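J.: Below are the chains, spelled out letter by letter.
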Amino acid sequence: MIKGYAGRVLEVDLRARSFFFAPLDEETARLYIGGKGYGTRLLYDRTPAGIDPLGPENLLIFATGPLNGSVAPQSNRFAVICKSPLTGGIGNATCGGSFALGMKKAGIDVLIVKDRAERPLRLEIDGDRDAVEFLDAGDLWGKGTYATQKLLSRKHQHAVIGPAGENLVLFAGIVSNERIAGRTGVGAVMGSKLLKAVSVRGSRKLDMEDPEKFKAYTKEVRKLFEDHPVLGESMRRFGTGGIVNTTNGRNILPTRNFQKGHFERAMDLSGEFLEDHGLKGVKTSCIHCPVTCGRDVEVEGVGVVKGPEYETLALMGSNLEIGDIKKVAEWNYHADDLGMDTISLGATLSFAMELVERGMLDANLHFGEQAGVTELIQDIGHRRGLGAELADGTKRLAAKYGGSEFAMHVKGLELSAYDPRGSFAQGVEYATTNRGGCHVQGASMYMESVGPLTINPQNLKLKADIPIMQQNIACAINSMVLCIFTTYGMIPKAVHEMNPSSFKYRALAFAFENLPGALLRGAMGIKGKPMLWFEKWLTYITGTTFSSGHLQEIGARIFNLERMYNLREGLTSADDTLPPRILHESTFPGMDSGHPLHLLLPSYYKKRGWSADGVPLRRTLERLQVRV
Amino acid sequence: MPVAVQLTYAMAKELGAQRLEFEGAQTVADVLRMTRERFAGAPARYDELTRVAAVAVNGVLVNYQRGMKTPVRDGDTVAFVKAAAGG
Ligand code: SF4
Numbered sequence: 046m047i048k049g050y051a052g053r054v055l056e057v058d059l060r061a062r063s064f065f066f067a068p069l070d071e072e073t074a075r076l077y078i079g080g081k082g083y084g085t086r087l088l089y090d091r092t093p094a095g096i097d098p099l100g101p102e103n104l105l106i107f108a109t110g111p112l113n114g115s116v117a118p119q120s121n122r123f124a125v126i127c128k129s130p131l132t133g134g135i136g137n138a139t140c141g142g143s144f145a146l147g148m149k150k151a152g153i154d155v156l157i158v159k160d161r162a163e164r165p166l167r168l169e170i171d172g173d174r175d176a177v178e179f180l181d182a183g184d185l186w187g188k189g190t191y192a193t194q195k196l197l198s199r200k201h202q203h204a205v206i207g208p209a210g211e212n213l214v215l216f217a218g219i220v221s222n223e224r225i226a227g228r229t230g231v232g233a234v235m236g237s238k239l240l241k242a243v244s245v246r247g248s249r250k251l252d253m254e255d256p257e258k259f260k261a262y263t264k265e266v267r268k269l270f271e272d273h274p275v276l277g278e279s280m281r282r283f284g285t286g287g288i289v290n291t292t293n294g295r296n297i298l299p300t301r302n303f304q305k306g307h308f309e310r311a312m313d314l315s316g317e318f319l320e321d322h323g324l325k326g327v328k329t330s331c332i333h334c335p336v337t338c339g340r341d342v343e344v345e346g347v348g349v350v351k352g353p354e355y356e357t358l359a360l361m362g363s364n365l366e367i368g369d370i371k372k373v374a375e376w377n378y379h380a381d382d383l384g385m386d387t388i389s390l391g392a393t394l395s396f397a398m399e400l401v402e403r404g405m406l407d408a409n410l411h412f413g414e415q416a417g418v419t420e421l422i423q424d425i426g427h428r429r430g431l432g433a434e435l436a437d438g439t440k441r442l443a444a445k446y447g448g449s450e451f452a453m454h455v456k457g458l459e460l461s462a463y464d465p466r467g468s469f470a471q472g473v474e475y476a477t478t479n480r481g482g483c484h485v486q487g488a489s490m491y492m493e494s495v496g497p498l499t500i501n502p503q504n505l506k507l508k509a510d511i512p513i514m515q516q517n518i519a520c521a522i523n524s525m526v527l528c529i530f531t532t533y534g535m536i537p538k539a540v541h542e543m544n545p546s547s548f549k550y551r552a553l554a555f556a557f558e559n560l561p562g563a564l565l566r567g568a569m570g571i572k573g574k575p576m577l578w579f580e581k582w583l584t585y586i587t588g589t590t591f592s593s594g595h596l597q598e599i600g601a602r603i604f605n606l607e608r609m610y611n612l613r614e615g616l617t618s619a620d621d622t623l624p625p626r627i628l629h630e631s632t633f634p635g636m637d638s639g640h641p642l643h644l645l646l647p648s649y650y651k652k653r654g655w656s657a658d659g660v661p662l663r664r665t666l667e668r669l670q671v672r673v
Numbered sequence: 062m063p064v065a066v067q068l069t070y071a072m073a074k075e076l077g078a079q080r081l082e083f084e085g086a087q088t089v090a091d092v093l094r095m096t097r098e099r100f101a102g103a104p105a106r107y108d109e110l111t112r113v114a115a116v117a118v119n120g121v122l123v124n125y126q127r128g129m130k131t132p133v134r135d136g137d138t139v140a141f142v143k144a145a146a147g148g
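Quick mapping for you: the protein sequence lines, in order, are chains A and B.
So for the first sequence, the numbering used here puts the first residue at 46; every next one is plus one.
So for the second sequence, the numbering used here puts the first residue at 62; every next one is plus one.
Bound-form chain A, shown alone (with noise of 0.2 Å):
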């Protein structure tokens, strides 16, 4: 077995209540890794196109990568895949927590979760006696998924579903500790299995090629991460709502459900307000990351609880019209608790507030108003009165009750927080990624809008080729399964240092503006040395090579695959597209529409190797290796 897996996959099927231990296939694991790319791998092999994604047929699959397991920052995530009940394609999320860690301590590098039980079950894995227990979740069905941990054993690492999993909540999501991975409905799936928790322990050490060199290297990351502008400071200090302020001054700070780009009252949800007035002192972090983005928080009546992170604070809060930082906390706890994604929740409540507004839904729901939305994302998770609408998402939301024109998701997963109208690059890669409007998938207005060397985000200067570069990477770091924050890490901090209005920076700027896509894109590929971090640690783990030539192609395949099982599924080239509020609504004074997308899509099928309607060829297919 290649080094750094524990060469095991556990299949379980619920209804039969029997399980077995099978080999990892290493071809797959050399082609795809592992997380990400073995599940997407496995979902497309083993379920047939067309398939009810609640129903028994869908697979949810936890999976690891070679990282998980070792003590490299960043690398305690898990992701679960499976269909998506929310967008009928592709469904993925990863998360951090303790679970990666659990599940390859009891050996098993991925877990297949197969049909539906008869009665809420819940999942007790012994990884050092090869058992699986069946257990009864009777009791545990309708608790929120705090309370769910608090109850299972203490020896083991959990994965659980809140009531909102339960009740089928399209965007409900699978909580591990206090992190969760929330988007595109695997909760919904985990629920619809009848599945409250899964539980693993063991006490398997992971092997690597070359433990030595890795541990030394990992020494020098710790000290590079902590010397970082963003991995040792803005983000340890302010966490991710470090950013509200830097949005918000570049207008892409969703508010008022997109209506604007800019919010009078930003400064009050950002990540430094929450330093000065919030936070506890209590800094909580992924296992073995030193970069402790997480905060707790005080919240009158609730106690202290998780900081909400920037996507919460822009979706619950300048996107609702509030300024109450204490009141997001307050609602992502219960978010939290109930098992759902705050982003696509966040996106529905404020569809719904304009529906309202335009007299399109008769509810007691405004922006700027607190009243009535605790309850709200209560009879959300619960299922109940208005609440069992919203719970199926803004697209069929709109669907019901109109306003498709202003419901802002792609192929049914709500906008992240990053108005792509002043970020283009990130807009093309919102219309293209697989699982639908995310941005964690690449993660481009990093790279144009907010980092720390920006191109004008507003030309079209690259912005089909740095969509591509990021997807690829980012598909490669999810199936290690790294944290997509390390990407951050990548810019060195004496780019930071620079003055944006001194001559050194904006001719770097320049430069990098008007380099040749296909030169950018060439110099990515090159496969040649290990140079950053995450490419050192997969090498002295697996004893590969791994540069960054290699992961773009990695990503390129696992990406392309992902699409295979969209068209597979019914998508088409019309999926691949934006909100008409983004396409047709300036937020920008002098810019007469919105976000230029018909001029970038034919650029970017042509940069991936596809057809003028959006289907890889098979020369694409066939120099990547992926199998159809």
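Mixed in with the good hints, there may be bad ones.
As the list claims (entries may be wrong) - Below 30 Å or equal to it, Euclidean Cα-Cα: the simulated DSSO-like pairs (lysine-lysine) are: (1) B:K130 <-> A:K328; (2) A:K258 <-> A:K651; (3) A:K328 <-> A:K538; (4) A:K305 <-> B:K130; (5) A:K200 <-> A:K260; (6) A:K159 <-> A:K188; (7) B:K130 <-> A:K549; (8) A:K538 <-> B:K74; (9) A:K328 <-> B:K74; (10) A:K325 <-> B:K130; (11) A:K371 <-> A:K325; (12) A:K264 <-> A:K328; (13) A:K260 <-> A:K538; (14) A:K506 <-> A:K572; (15) A:K48 <-> A:K268; (16) A:K372 <-> A:K506; (17) A:K372 <-> B:K74; (18) A:K506 <-> B:K130; (19) B:K130 <-> A:K371; (20) A:K188 <-> A:K48; (21) A:K305 <-> A:K372; (22) A:K574 <-> A:K250.
Read the hints as simulated data drawn from the structure, not as lab findings.
These numbers were taken from a predicted model, which means no experiment stands behind them.
Keeping the supplied structure of chain A fixed, place chain B with the ligand upon it in accordance with the hints.
T.: Leaving out everything else, chain B with the ligand in the frame of chain A:
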């Protein structure tokens, strides 16, 4: 309507105000000068706090407009923007 200035958090804390407003500014350079003057007696502090901040008018960096000569009109928002990462 005056020109509004969106400060960084650190600048806002220093000045005790989240936003500033100026009448009569014609260009970005005017706005920056007026902002610097608010740091009465401590212009060096202004220089320190803005050293790595870019400047945007209505969300568009002045680097992609006319730099410090970028004109401003009543109702515009001039923002000091620091690079940041979120997720
Ligand atoms: S950067 Fe934050 S989310 Fe990522 S691994 Fe570290 S603590 Fe977890």
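J.: Does A:K200 pair with A:K260 here, judged by a C-alpha cut-off of 30 Å?
T.: Holds, because 27 Å separates the two Cα atoms, which is no more than 30 Å.
J.: Between A:K328 and A:K538, does the CA-CA distance stay at or below 30 Å?
T.: Roughly 23 Å separates the two Cα atoms, so the pair holds.
J.: Run the distance test for B:K130 versus A:K371: straight-line Cα separation, threshold 30 Å.
T.: 41 Å, violated
J.: For the pair supplied as a hint, A:K260 and A:K538, is the alpha-carbon distance within the 30 Å limit?
T.: 23 Å, holds
J.: Is the hinted pair A:K371 and A:K325 satisfied, with a Cα-Cα distance of at most 30 Å?
T.: 13 Å, holds
J.: Are the Cα atoms of A:K159 and A:K188 separated by 30 Å or less?
T.: 23 Å, holds
J.: Starting from B:K130, check that the Cα of A:K549 is at most 30 Å away, please.
T.: 19 Å, holds
J.: Does A:K506 sit within 30 Å of A:K372, going by the straight-line distance between their CA atoms?
T.: Roughly 41 Å separates the two Cα atoms, so the pair is violated.
J.: Given the hinted pair A:K506 and B:K130, is their Cα-Cα distance within 30 Å?
T.: 24 Å, holds
J.: For a C-alpha distance cap of 30 Å, please report whether B:K130 and A:K328 respect it.
T.: 43 Å, violated
J.: Measure nothing beyond the straight line between the CA atoms of A:K328 and B:K74; if it is 30 Å or shorter, mark the hint as holding.
T.: Answer holds: A:K328 to B:K74 is near 23 Å, not above 30 Å.
J.: Does A:K651 sit within 30 Å of A:K258, going by the straight-line distance between their CA atoms?
T.: 41 Å, violated
Figure legend: structure checked against the earlier numbered hints; hints not met, in rising order: 1, 2, 10, 16, 19 and 20.
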